[in-house]
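For reference, the chains in residue letters:
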Amino acid sequence: GDSVTQMEGPVTLSEEAFLTINCTYTATGYPSLFWYVQYPGEGLQLLLKATKADDKGSNKGFEATYRKETTSFHLEKGSVQVSDSAVYFCALSGYAGNTPLVFGKGTRLSVIA
Amino acid sequence: EAGVAQSPRYKIIEKRQSVAFWCNPISGHATLYWYQQILGQGPKLLIQFQNNGVVDDSQLPKDRFSAERLKGVDSTLKIQPAKLEDSAVYLCASSQGAQNSPLHFGNGTRLTVT
Numbered sequence: 001g002d003s004v005t006q007m008e009g010p011v012t013l014s015e016e017a018f019l020t021i022n023c024t025y026t027a028t029g030y031p032s033l034f035w036y037v038q039y040p041g042e043g044l045q046l047l048l049k050a051t052k053a054d055d056k057g058s059n060k061g062f063e064a065t066y067r068k069e070t071t072s073f074h075l076e077k078g079s080v081q082v083s084d085s086a087v088y089f090c091a092l093s094g095y096a097g098n099t100p101l102v103f104g105k106g107t108r109l110s111v112i113a
Numbered sequence: 001e002a003g004v005a006q007s008p009r010y011k012i013i014e015k016r017q018s019v020a021f022w023c024n025p026i027s028g029h030a031t032l033y034w035y036q037q038i039l040g041q042g043p044k045l046l047i048q049f050q051n052n053g054v055v056d057d058s059q060l061p062k063d064r065f066s067a068e069r070l071k072g073v074d075s076t077l078k079i080q081p082a083k084l085e086d087s088a089v090y091l092c093a094s095s096q097g098a099q100n101s102p103l104h105f106g107n108g109t110r111l112t113v114t
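These protein sequences, in sequence, are chains A and B. For the first sequence, position 90 (counting from the first letter as 1) is numbered 90 according to my numbering, and the numbering increases by one without interruption. For the second sequence, position 64 (counting from the first letter as 1) is numbered 64 according to my numbering, and the numbering increases by one without interruption.
Just chain B, with the same shape it has in the complex (with noise of 0.2 Å):
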């Protein structure tokens, strides 16, 4: 089967400047979730769908960050205005959605904020 998707791969952008990332679930997986990975730390969730709906966005830094699941499927990340602390990987993944289905994560987007 196909993997998660992303794009694009790097980003490079200056501060107060606006990124959207996206993401491509595998087919047929219900949950999608968005994750911050800064250097040398574990992933932290920033959201959490199931099919068009928000299930988690309490770490989401919402006066800046955004997203969105049209119909279910993908799904767009938005950064507006960037700021030097949002250089990170973004990492997205999906799951069938059942309890301890595993996650199955693309290969991120690094983002570098100058």
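Next comes chain A alone, as it looks inside the complex (with noise of 0.2 Å):
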């Protein structure tokens, strides 16, 4: 079945500094790809998705391309913010239509000042 690995937190990094997630993803046919993000204390919110090969999702400075040729979709961010500091997950869709989200484990990012 369809599953995603996502590299093992926690990570911590300093204020400013760049950072990498890791996502790779085993599907049949094209999956679509999102980032969710949860806050301490806080729902899943989604961060960015992407839904073709080559598609980059963006937000609030956070990027990730849907690389099919190598299956992944890793989260970058320029330069992290104490406020960044949550769980990350990766998360894929099925291709036909309205299938339920599969997630990865997540990984727990702290940032220090």
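Check the hints yourself; a few may be wrong.
[Claimed, not checked] Below, a list of computed lysine-lysine pairs in the BS3-like style, where the Cα atoms sit at most 27 Å apart:
| hint | chain 1 | residue 1 | chain 2 | residue 2 |
| --- | --- | --- | --- | --- |
| 1 | A | Lys-60 | A | Lys-77 |
| 2 | A | Lys-105 | B | Lys-78 |
| 3 | B | Lys-62 | A | Lys-105 |
| 4 | A | Lys-68 | A | Lys-56 |
| 5 | A | Lys-77 | A | Lys-56 |
| 6 | B | Lys-78 | B | Lys-44 |
| 7 | B | Lys-83 | B | Lys-62 |
| 8 | B | Lys-44 | A | Lys-68 |
| 9 | A | Lys-52 | A | Lys-68 |
| 10 | A | Lys-52 | B | Lys-11 |
| 11 | A | Lys-77 | A | Lys-52 |
| 12 | B | Lys-44 | B | Lys-71 |
| 13 | A | Lys-105 | B | Lys-44 |
| 14 | A | Lys-68 | A | Lys-49 |
| 15 | B | Lys-78 | B | Lys-11 |
| 16 | A | Lys-105 | A | Lys-52 |
| 17 | B | Lys-71 | B | Lys-15 |
| 18 | A | Lys-60 | A | Lys-105 |
| 19 | B | Lys-71 | A | Lys-105 |
| 20 | B | Lys-11 | B | Lys-83 |
| 21 | A | Lys-49 | A | Lys-77 |
| 22 | B | Lys-83 | A | Lys-49 |
| 23 | A | Lys-56 | A | Lys-105 |
| 24 | B | Lys-83 | A | Lys-105 |
To be clear, the hints were calculated from the coordinates, so they are not data collected in a lab.
Build the complex from these two chains, which are given one at a time in their own frames, with help from the hints.
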């Protein structure tokens, strides 16, 4: 079945450091790919998405590019802030419409001043 | 717009007791999901509704878990009897139901089974 593998955490960075969180997937067909973020005490929020190969999703300074050849969707940010401290989840949705999300295990990011 | 509402926020029960969670999705959202998130893991789908019909319940432990979405609006998830391994956060999400429409999540119910 479909699956998502993302890098283990926790990741601890200093403010203004560069962030990469790796995500690879296994799926049939052409899934849509997502990054969700969970801030402390809050629910999951959609951060960005990409629905086809070579699409780049971006939001709040975060970016991820849908790479079909490497089945990857790595999350990047050029300069992290303390407020980016959260748990980040990579997820995919199957090719057929309205299919549920399959999530990775999540990566906890802590940014220190 | 109002978000997905879930209650209670926290629940502590003893094993073999029963418990119920409630979810009210965003108005007009046809699709409703229940996910289970065990500590340190990503959310795992339990059941998906489209209006008041079940689309996917293949991962729902039907011997102890049940869910319903009467009238295609709010939903309840029940566990009876609970086991220690059911300790988790139970997340409800809703979407408009079109392809690639985003899921909107509630804040979840944290269940502790002792």
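To see whether the hints hold, each was checked on the structure:
A distance of roughly 9 Å separates the Cα atoms of A:Lys-60 and A:Lys-77; the hinted pair therefore holds under the 27 Å criterion. Restraint check for A:Lys-105 and B:Lys-78: satisfied, since their Cα atoms lie roughly 25 Å apart, inside the 27 Å limit. A distance of roughly 24 Å separates the Cα atoms of B:Lys-62 and A:Lys-105; the hinted pair therefore holds under the 27 Å criterion. With a CA separation close to 12 Å, the supplied pair A:Lys-68 and A:Lys-56 stays within the 27 Å bound.
Between A:Lys-77 and A:Lys-56 the alpha-carbon distance is near 13 Å, which keeps this suggested pair within the 27 Å criterion. Only pairs whose Cα atoms come within 27 Å are accepted, and B:Lys-78 paired with B:Lys-44 is accepted, the gap being roughly 16 Å. Simply put, B:Lys-83 and B:Lys-62 have alpha-carbon atoms about 14 Å apart, close enough for the 27 Å limit, and the pair holds. For a cut-off of 27 Å, the pair hint linking B:Lys-44 to A:Lys-68 stands: about 24 Å separates their Cα positions.
Restraint check for A:Lys-52 and A:Lys-68: satisfied, since their Cα atoms lie roughly 9 Å apart, inside the 27 Å limit. Taken as a hint, the A:Lys-52 and B:Lys-11 pair is broken in the structure, with Cα atoms around 41 Å apart against an allowance of 27 Å. Under the criterion of a C-alpha separation no larger than 27 Å, the hint pairing A:Lys-77 with A:Lys-52 is consistent with the structure, at around 21 Å. This hinted pair checks out: B:Lys-44 and B:Lys-71 have alpha carbons roughly 25 Å apart, not beyond 27 Å.
Between the alpha carbons of A:Lys-105 and B:Lys-44 the distance comes to roughly 10 Å, so the proposed pair stays at or under 27 Å and holds. Proximity of A:Lys-68 to A:Lys-49 is assessed by CA-CA distance (about 14 Å); at most 27 Å being required, the pair is judged to hold. For the suggested pair B:Lys-78 and B:Lys-11, the alpha carbons sit about 13 Å apart, so the restraint of at most 27 Å is met. Straight-line distance between C-alpha atoms of A:Lys-105 and A:Lys-52 comes to about 23 Å, which keeps the hinted pair within the 27 Å bound.
For the given pair, B:Lys-71 sits about 31 Å from B:Lys-15 by alpha-carbon distance, which is inconsistent with the 27 Å threshold. About 22 Å separates the Cα atoms of A:Lys-60 and A:Lys-105, which keeps this hinted pair within 27 Å; it holds. Annotation: proposed proximity of B:Lys-71 to A:Lys-105 is violated, straight-line Cα distance about 34 Å (limit 27 Å). A distance of roughly 14 Å separates the Cα atoms of B:Lys-11 and B:Lys-83; the hinted pair therefore holds under the 27 Å criterion.
For the suggested pair A:Lys-49 and A:Lys-77, the alpha carbons sit about 15 Å apart, so the restraint of at most 27 Å is met. Restraint check for B:Lys-83 and A:Lys-49: the C-alpha separation of about 36 Å exceeds 27 Å, so the hint is violated. For the hint linking A:Lys-56 to A:Lys-105, the alpha-carbon distance of about 22 Å falls within 27 Å, and the restraint holds. At most 27 Å may separate the alpha-carbon atoms for a hinted pair to count; B:Lys-83 and A:Lys-105 meet this at roughly 22 Å.
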